[in-house]
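Novice: Just need the whole structure built from these sequences, with the hints factored in.
Listed in order, the protein sequences are those of chains A and B.
For the first sequence, this note's numbering begins at 3 and goes up steadily by one.
For the second sequence, this note's numbering begins at 3 and goes up steadily by one.
To be clear, the hints were calculated from the coordinates, so they are not data collected in a lab.
Please note that a few of the clues may not be correct.
One copy or two, it doesn't matter: identical chains are merged, so the pair holds either way.
[What the hints assert, rightly or not] Here are the simulated lysine-lysine pairs, DSSO-like style, with alpha carbons at most 27 Å apart:
| hint | residue 1 | residue 2 |
| --- | --- | --- |
| 1 | Lys198 | Lys226 |
| 2 | Lys198 | Lys221 |
| 3 | Lys184 | Lys109 |
| 4 | Lys56 | Lys9 |
| 5 | Lys184 | Lys198 |
| 6 | Lys292 | Lys109 |
| 7 | Lys262 | Lys198 |
| 8 | Lys221 | Lys262 |
| 9 | Lys103 | Lys67 |
| 10 | Lys182 | Lys221 |
| 11 | Lys240 | Lys221 |
| 12 | Lys292 | Lys262 |
| 13 | Lys109 | Lys182 |
| 14 | Lys182 | Lys103 |
| 15 | Lys82 | Lys67 |
| 16 | Lys182 | Lys249 |
| 17 | Lys198 | Lys29 |
| 18 | Lys292 | Lys27 |
| 19 | Lys29 | Lys9 |
| 20 | Lys260 | Lys221 |
2 protein chains.
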Amino acid sequence: MELIDGKKISLQLKEEIAQAVAERKEKGLKIPHLAVILVGEDGGSQTYVNMKVKACEFVGFKSTKIDYPVTVSEEELLNKIREFNNDSDVDGLLVQLPLPKHISDEKVIDTIDQSKDVDGFHPISMGKLVAGLPTFLPATPAGIMELLDRYNIETEGKHCVVLGRSHIVGTPMTLLMSRKAKPGNATVTMCHSRTKNIAEITRQADIIIAALGSPEFVKADMVKEGAVVIDVGTTRVKSDQTKSGWKLKGDVAFDEVKDKTSYITPVPGGVGPMTIASLLKNTLMAVEMKGK
Amino acid sequence: MELIDGKKISLQLKEEIAQAVAERKEKGLKIPHLAVILVGEDGGSQTYVNMKVKACEFVGFKSTKIDYPVTVSEEELLNKIREFNNDSDVDGLLVQLPLPKHISDEKVIDTIDQSKDVDGFHPISMGKLVAGLPTFLPATPAGIMELLDRYNIETEGKHCVVLGRSHIVGTPMTLLMSRKAKPGNATVTMCHSRTKNIAEITRQADIIIAALGSPEFVKADMVKEGAVVIDVGTTRVKSDQTKSGWKLKGDVAFDEVKDKTSYITPVPGGVGPMTIASLLKNTLMAVEMKGK
Numbered sequence: 003m004e005l006i007d008g009k010k011i012s013l014q015l016k017e018e019i020a021q022a023v024a025e026r027k028e029k030g031l032k033i034p035h036l037a038v039i040l041v042g043e044d045g046g047s048q049t050y051v052n053m054k055v056k057a058c059e060f061v062g063f064k065s066t067k068i069d070y071p072v073t074v075s076e077e078e079l080l081n082k083i084r085e086f087n088n089d090s091d092v093d094g095l096l097v098q099l100p101l102p103k104h105i106s107d108e109k110v111i112d113t114i115d116q117s118k119d120v121d122g123f124h125p126i127s128m129g130k131l132v133a134g135l136p137t138f139l140p141a142t143p144a145g146i147m148e149l150l151d152r153y154n155i156e157t158e159g160k161h162c163v164v165l166g167r168s169h170i171v172g173t174p175m176t177l178l179m180s181r182k183a184k185p186g187n188a189t190v191t192m193c194h195s196r197t198k199n200i201a202e203i204t205r206q207a208d209i210i211i212a213a214l215g216s217p218e219f220v221k222a223d224m225v226k227e228g229a230v231v232i233d234v235g236t237t238r239v240k241s242d243q244t245k246s247g248w249k250l251k252g253d254v255a256f257d258e259v260k261d262k263t264s265y266i267t268p269v270p271g272g273v274g275p276m277t278i279a280s281l282l283k284n285t286l287m288a289v290e291m292k293g294k
Numbered sequence: 003m004e005l006i007d008g009k010k011i012s013l014q015l016k017e018e019i020a021q022a023v024a025e026r027k028e029k030g031l032k033i034p035h036l037a038v039i040l041v042g043e044d045g046g047s048q049t050y051v052n053m054k055v056k057a058c059e060f061v062g063f064k065s066t067k068i069d070y071p072v073t074v075s076e077e078e079l080l081n082k083i084r085e086f087n088n089d090s091d092v093d094g095l096l097v098q099l100p101l102p103k104h105i106s107d108e109k110v111i112d113t114i115d116q117s118k119d120v121d122g123f124h125p126i127s128m129g130k131l132v133a134g135l136p137t138f139l140p141a142t143p144a145g146i147m148e149l150l151d152r153y154n155i156e157t158e159g160k161h162c163v164v165l166g167r168s169h170i171v172g173t174p175m176t177l178l179m180s181r182k183a184k185p186g187n188a189t190v191t192m193c194h195s196r197t198k199n200i201a202e203i204t205r206q207a208d209i210i211i212a213a214l215g216s217p218e219f220v221k222a223d224m225v226k227e228g229a230v231v232i233d234v235g236t237t238r239v240k241s242d243q244t245k246s247g248w249k250l251k252g253d254v255a256f257d258e259v260k261d262k263t264s265y266i267t268p269v270p271g272g273v274g275p276m277t278i279a280s281l282l283k284n285t286l287m288a289v290e291m292k293g294k
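Specialist: Structure below.
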């Protein structure tokens, strides 16, 4: 069993991006600029946004952070998005989700100029993914593809079982793993809450990607000897072993599963750290695509 | 074994659309108008386009057909698309594929106003499909969903194996069968040219959707007793049994497979007739969505 070290790989990726930024500086090219909009005071969202801003500093990007109170109107938010769309200095733009109920996620995402859609959630980005065209990939699936690639894990002709069908993880993961590319070219089964005999299916998997948000759902008897297990789940559960009183749990019962696997991602420290690195990669791509 | 009669269902669907058009007329609402652009003189494409125009007449739609010689420039074609985009009388617009090599399919599809994209190939249409939002569905997958629905075939919790990963059939089929809807909610495995042990996988399928374009690929020993088999393949093969010297062959070895199935589509007369009916349905939807 080899542990897939997302922390190490994400650091590698960030260092490569920092290097690319340094080279751009030397050549007098534009420094990538990410704008992040946060609405409300949800603790989790604040933490994520701050991590994104810090990651920008780390790689040498410029960043702009806009904080709105939870009471901001949809129209004011959309106008700010339009302002960033028209600002040629801003290369990447994201609005931290979830949003308060009076604001439509769909409208917000649709309003972002697709050429700045570094979250990869815009319908055009998703549609290009379906068509196999180059585009911004959603951060978590992109991070997983990066891990598979950097650990030289063979995917071609393998049976990959994706647990979960969200349009943020499960569905794009299915599209990426099945498409004609490397990594990719896998036979993919997408399972979800309505799947019957799920253990029968996961036991056939050479690669399991668990993105259900159901703590320790994948048990040892659901995993084939030698399988690759990627755990996307991060559910906060109560714990008396930590100072905070909380612990992050993945979708995989790590302790009992790990010895059956050839590769496995831990939680935390597996897929999680890759998402922000993928966001930075998208932002660099946004500025490169403009040829600036 | 019950034969799924695509000819009958497509006629039903067309009659329902004709009825809706008649009601629109009575109420003084706009008559749906489909514009079709054909480039070059490929016999197959000409036949398809003529069938589409005739189908419009049948249901009472207005239609416009533009013929370009194979030498037409990309810019001239794009300008015609833009003209139709701006023409408020035109509700649906499609350019018959394939196009000659000097014209980019991608540019053509991207130029079509998504609100008139009745072929469902525009990236925004595909992206909305991924996100589970209402949108124009590509004609063949939409036709298959219609058949499953009208034959009351249960899909929830069933294992559906899709053979083929094209962005015209296999991929949207996977998205539709797995999404939270009725029909839908199936566990879906997408297979393709790189899949190993394909027979082992198809033998587990409650529903097989074959869209490989490989004549008689699915044999009896690949099909579970009682499975539903949907055949999307239509390959022209030489035949001494027909006057034309050609015969349409599906992806399924119909004669040996049929008795193992609970439902099966024939070729021709199964999925094929549904595609034009789906196109008409999309065109009606286009005008209804505008509230005209």
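Novice: So, for every hint listed, does it hold in this structure?
Specialist: Each hint, compared with the structure:
Taking the closest pair of Cα atoms, Lys198 and Lys226 come within 27 Å of each other both inside a single copy (18 Å) and across two copies (17 Å). Taking CA atoms no more than 27 Å apart as the test, Lys198 paired with Lys221 passes in both settings, with 16 Å inside one copy and 26 Å between copies. Taking identical chains as interchangeable, the C-alpha atoms of Lys184 and Lys109 lie at most 27 Å apart only when they sit on different chains, with a minimum of 26 Å there against 34 Å within one chain. In this assembly of identical chains, Lys56 and Lys9 lie within 27 Å of each other by CA distance solely inside one copy; the values are 16 Å within and 61 Å between copies.
In this assembly of identical chains, the alpha carbons of Lys184 and Lys198 lie at most 27 Å apart only when taken from different copies (17 Å versus 31 Å within one copy). For the homomeric pair Lys292 and Lys109, the shortest alpha-carbon distances inside one copy (25 Å) and between copies (18 Å) are both at most 27 Å. Within a single copy, Lys262 and Lys198 get their C-alpha atoms as close as 23 Å, and across copies as close as 23 Å, so both meet the 27 Å cut-off. Taking the shortest Cα distances, Lys221 and Lys262 sit within 27 Å of each other inside one copy (11 Å), while across copies they are farther apart (36 Å).
With identical chains, the CA atoms of Lys103 and Lys67 are at most 27 Å apart within one copy only, with a shortest distance of 22 Å there and 46 Å across copies. Taking the shortest Cα distances, Lys182 and Lys221 sit within 27 Å of each other only across copies (26 Å), while inside one copy they are farther apart (31 Å). Taking the shortest alpha-carbon separations for Lys240 and Lys221, only the intra-copy value of 20 Å comes in at or below 27 Å, while the best inter-copy value is 53 Å. Taking the shortest alpha-carbon separations for Lys292 and Lys262, neither the intra-copy value of 46 Å nor the inter-copy value of 56 Å comes in at or below 27 Å.
When the C-alpha separation of Lys109 and Lys182 is checked against a cutoff of 27 Å, the pair qualifies only between copies, where the shortest distance is 22 Å, while the shortest distance within a copy is 32 Å. For the identical chains of this complex, Lys182 and Lys103 are inter-copy neighbours only, at 22 Å across copies versus 39 Å inside a copy, given an alpha-carbon limit of 27 Å. In this homomeric assembly, Lys82 and Lys67 come within 27 Å of each other (Cα to Cα) only inside a single copy, at 12 Å, whereas the closest approach across copies is 43 Å. For a Cα distance limit of 27 Å, the shortest separation of Lys182 from Lys249 qualifies neither inside one copy, at 38 Å, nor across copies, at 31 Å.
Proximity of Lys198 and Lys29 under a CA criterion of 27 Å is satisfied in neither setting, with 57 Å inside one chain copy and 48 Å between copies. For the identical chains of this complex, Lys292 and Lys27 are intra-copy neighbours only, at 16 Å inside a copy versus 49 Å across copies, given an alpha-carbon limit of 27 Å. Taking the closest pair of Cα atoms, Lys29 and Lys9 never come within 27 Å of each other, the shortest separation being 30 Å inside a single copy and 64 Å across copies. For the identical chains of this complex, Lys260 and Lys221 are intra-copy neighbours only, at 10 Å inside a copy versus 39 Å across copies, given an alpha-carbon limit of 27 Å.
Hint compliance for this structure: hints 12, 16, 17, 19 are not met, and every other hint is.
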